[in-house]
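**Q** Sequence:
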Amino acid sequence: MGRKKTENRITDESLFISTRAVDRRGTRYGKLVCIEPTEKRQSGSAVWRCKCDCGNEAFVSSKSLVTGKISSCGCIKREMMRARATDHTGMRYGKLVAIEPLENRQGGGVVRRCRCDCGNEVFVRGNFLVTGDRKSCGKCLPREKSRAMKKIETILKSGVSTTEILQSINRIQMEREEYHV
Numbered sequence: 582m583g584r585k586k587t588e589n590r591i592t593d594e595s596l597f598i599s600t601r602a603v604d605r606r607g608t609r610y611g612k613l614v615c616i617e618p619t620e621k622r623q624s625g626s627a628v629w630r631c632k633c634d635c636g637n638e639a640f641v642s643s644k645s646l647v648t649g650k651i652s653s654c655g656c657i658k659r660e661m662m663r664a665r666a667t668d669h670t671g672m673r674y675g676k677l678v679a680i681e682p683l684e685n686r687q688g689g690g691v692v693r694r695c696r697c698d699c700g701n702e703v704f705v706r707g708n709f710l711v712t713g714d715r716k717s718c719g720k721c722l723p724r725e726k727s728r729a730m731k732k733i734e735t736i737l738k739s740g741v742s743t744t745e746i747l748q749s750i751n752r753i754q755m756e757r758e759e760y761h762v
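Each number in the numbering used here comes from the position in the sequence shown (counting from 1) with 581 added on.
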């Protein structure tokens, strides 16, 4: 009836060995094949040096590999982004019409050649077109502002009340939403 008490001691070394006990060398996870474990840890999980089918190397935690959270070096995401890229050719954004995408990129975004209603050609990142950050070439802006200012001068000279002036200014801004007077 005498039970023998044993002490379970866990040392740092035994922890390191036990978590690395699963040898994943040569095991495939999506596009990644495990090559060798590294000395690094990520949230207590061993980090493996992996080779992707595209040829790149990636360092991925065993937890991310096993759960399927990471299954490539990032090439799958890049392929999906390219596949989703919209053809903006012929689409109008304010005063700009997209003519063609260019091969060079700026900040990861596709640069597009666009023609403004005034005839100027400009190069604009696609995301600036879609978000409305760029609606004209910029060279026709002073001309538009001077037209708006002439309308405001006419209203001011006519002797109407301040409320009517503000309503007219708002109307002008709504006509040319990209130009704030």
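Calculated directly from the structure, the hints in this document are not laboratory data. These numbers were taken from a predicted model, which means no experiment stands behind them. One or more hints might be untrue.
As the list claims (entries may be wrong) - Okay, the calculated beta carbon distance ranges per label pair:
#1 Lys658 - Val678: 15 to 21 Å
#2 Asn637 - Val678: 37 to 43 Å
#3 Lys650 - Ile680: 16 to 22 Å
#4 Glu638 - Ser727: 54 to 60 Å
Glycine residues also receive a C-beta, built at the ideal position from the N, C-alpha and C atoms.
**Q** Does the Cβ-Cβ separation between Asn637 and Val678 fall within 37 to 43 Å?
**A** Given about 38 Å between the Cβ atoms, the range holds.
**Q** Given a hint of 15 to 21 Å, does the C-beta separation of Lys658 and Val678 actually sit inside it?
**A** Once the Cβ atoms are compared, 31 Å apart, the range 15 to 21 Å for Val678 and Lys658 is violated.
**Q** Determine whether the Cβ-Cβ distance between Glu638 and Ser727 falls within the hinted range of 54 to 60 Å.
**A** 58 Å, holds
**Q** The hint says 16 to 22 Å between Lys650 and Ile680; measuring C-beta to C-beta, is that right?
**A** At roughly 41 Å between Cβ atoms, Ile680 and Lys650 fall outside 16 to 22 Å, so the hint is violated.
In this structure, the earlier hints numbered 1, 3 are contradicted, and the remaining ones agree with it.
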